[in-house]
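Peer 1: Going by this note's numbering, the sequence shown opens with residue 1, and the numbers climb by one from there.
I should point out that these hints are in silico values taken from the structure, not numbers from a laboratory.
Treat the hints loosely; a few may be bogus.
[As the list claims (entries may be wrong)] With a straight-line Cα cutoff of 20 Å, these simulated EDC-like cross-link-like pairs (lysine to aspartate or glutamate) come out: (1) K63 with E98; (2) K63 with E9; (3) K30 with E112; (4) K63 with E29; (5) K135 with D87; (6) K30 with E12; (7) K89 with E29; (8) K17 with D49; (9) K89 with E112; (10) K89 with E115; (11) K30 with E16; (12) K17 with D87; (13) K89 with E152; (14) K63 with D87; (15) K30 with E74; (16) K63 with E12; (17) K135 with E112; (18) K89 with E27; (19) K30 with E161; (20) K63 with D49; (21) K30 with E109.
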Amino acid sequence: MLAGNATAEAFENIDEKDARSIYVLRELEKSFTFRNEALDITYINITTDLNVGNVEAIVECLKSTSSMVSTPPEGTVYKNINIWVGDSKLQHRLVSSEVGFRVNRTWLEDNEVSEQSVKLSIYHSGNWDILPTEKTYEDAEYVYYEANTSNEIRTHFAIVEYIENEPVSSDVGDDSVAEDGMDSDPLNDGSDMASEGNENTDRSGAEEADLSDLNMLTFAIPILMVLVVLYSSYYGTTKEENIGSVGNGWGIQNDKQVGEDNASEKIADRNAAKDISGKDAKNEPHDKGK
């Protein structure tokens with residue numbers, strides 16, 4: 001920063017300018033408040049780890065991109081701004097720093113910009129980067145925001161509409177590949193083909209196993225039926241033989257018993273005949289004596 005609040009920015013590019021000075025003490029947040037209606041920077045907060053004394057903050061509202069940068073910021077730009085706080089040594093003593101700003105509702109409506117897409121962009125090391133930005137307040141005319149500048153408060157800024165790049169849907173990618181008939185990832189497709197081949201092999205193996213089981217079952221059923229018939233025939237024949245054997249045994253025993261009974265009757269008849277003969281013999285001599 002040059003003496004007399006002059007900066008290196010091209011004079012003809014400065015639309016509005018304001019400066020504030022405060023005394024900064026260690027570990028106390030100090031706020032530079034800007035009430036110039038032509039500026040859309042409302043405050044700058046800083047906290048240091050050292051007593052640094054009196055510090056001046058300069059804000060320049062520009063007509064276009066700063067003459068000190070090579071490329072414009074990305075997105076729809078609401079305002080280009082330069083901020084210069086203290087000297088280069090102060091940056092090394094900063095603990096925190098925030099910038100408050102506002103955006104006119106009319107601009108949001110005219111440019112169809114949503115409140116959530118407004119961000120503060122910072123020029124750093126030749127590139128424009130988006131800073132963490134949050135909406136803090138709103139009224140009928142403005143929407144207010146605060147951005148964390150990561151202890152960068154001597155550089156170029158821009159209030160912009162920032163739209164994050166939406167991730168490409170995997171479904172959309174698949175549809176595109178299908179429509180174009182192109183193989184976007186041969187390695188993956190090869191893996192898919194191998195996987196499908198394994199699945200087909202598994203299915204074929206399972207089908208062969210099922211068919212083999214069915215053939216075995218078809219072959220086994222007739223054999224089982226034959227065995228059942230043979231067993232039934234054998235069991236029936238054996239049972240009849242056993243019954244016949246038992247019947248024959250009873251028949252022999254009955255015949256023997258009948259024979260024995262007949263013999264007994266014959267013996268009894270002979271004995272009876274003898275008894276009768278004996279009696280007759282005794283009676284004959286007795287009659288002769290008479």
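Peer 1: So, for every hint listed, does it hold in this structure?
Peer 2: Against the structure, the hints:
no., hint, verdict
1, K63 with E98, "violated, 23 Å"
2, K63 with E9, "holds, 11 Å"
3, K30 with E112, "violated, 36 Å"
4, K63 with E29, "violated, 31 Å"
5, K135 with D87, "violated, 29 Å"
6, K30 with E12, "violated, 32 Å"
7, K89 with E29, "holds, 18 Å"
8, K17 with D49, "violated, 29 Å"
9, K89 with E112, "violated, 41 Å"
10, K89 with E115, "violated, 36 Å"
11, K30 with E16, "violated, 23 Å"
12, K17 with D87, "holds, 18 Å"
13, K89 with E152, "holds, 12 Å"
14, K63 with D87, "violated, 25 Å"
15, K30 with E74, "violated, 31 Å"
16, K63 with E12, "holds, 8 Å"
17, K135 with E112, "holds, 17 Å"
18, K89 with E27, "holds, 17 Å"
19, K30 with E161, "violated, 29 Å"
20, K63 with D49, "violated, 36 Å"
21, K30 with E109, "violated, 34 Å"
Hint violations for this structure: numbers 1, 3, 4, 5, 6, 8, 9, 10, 11, 14, 15, 19, 20 and 21, all remaining hints satisfied.
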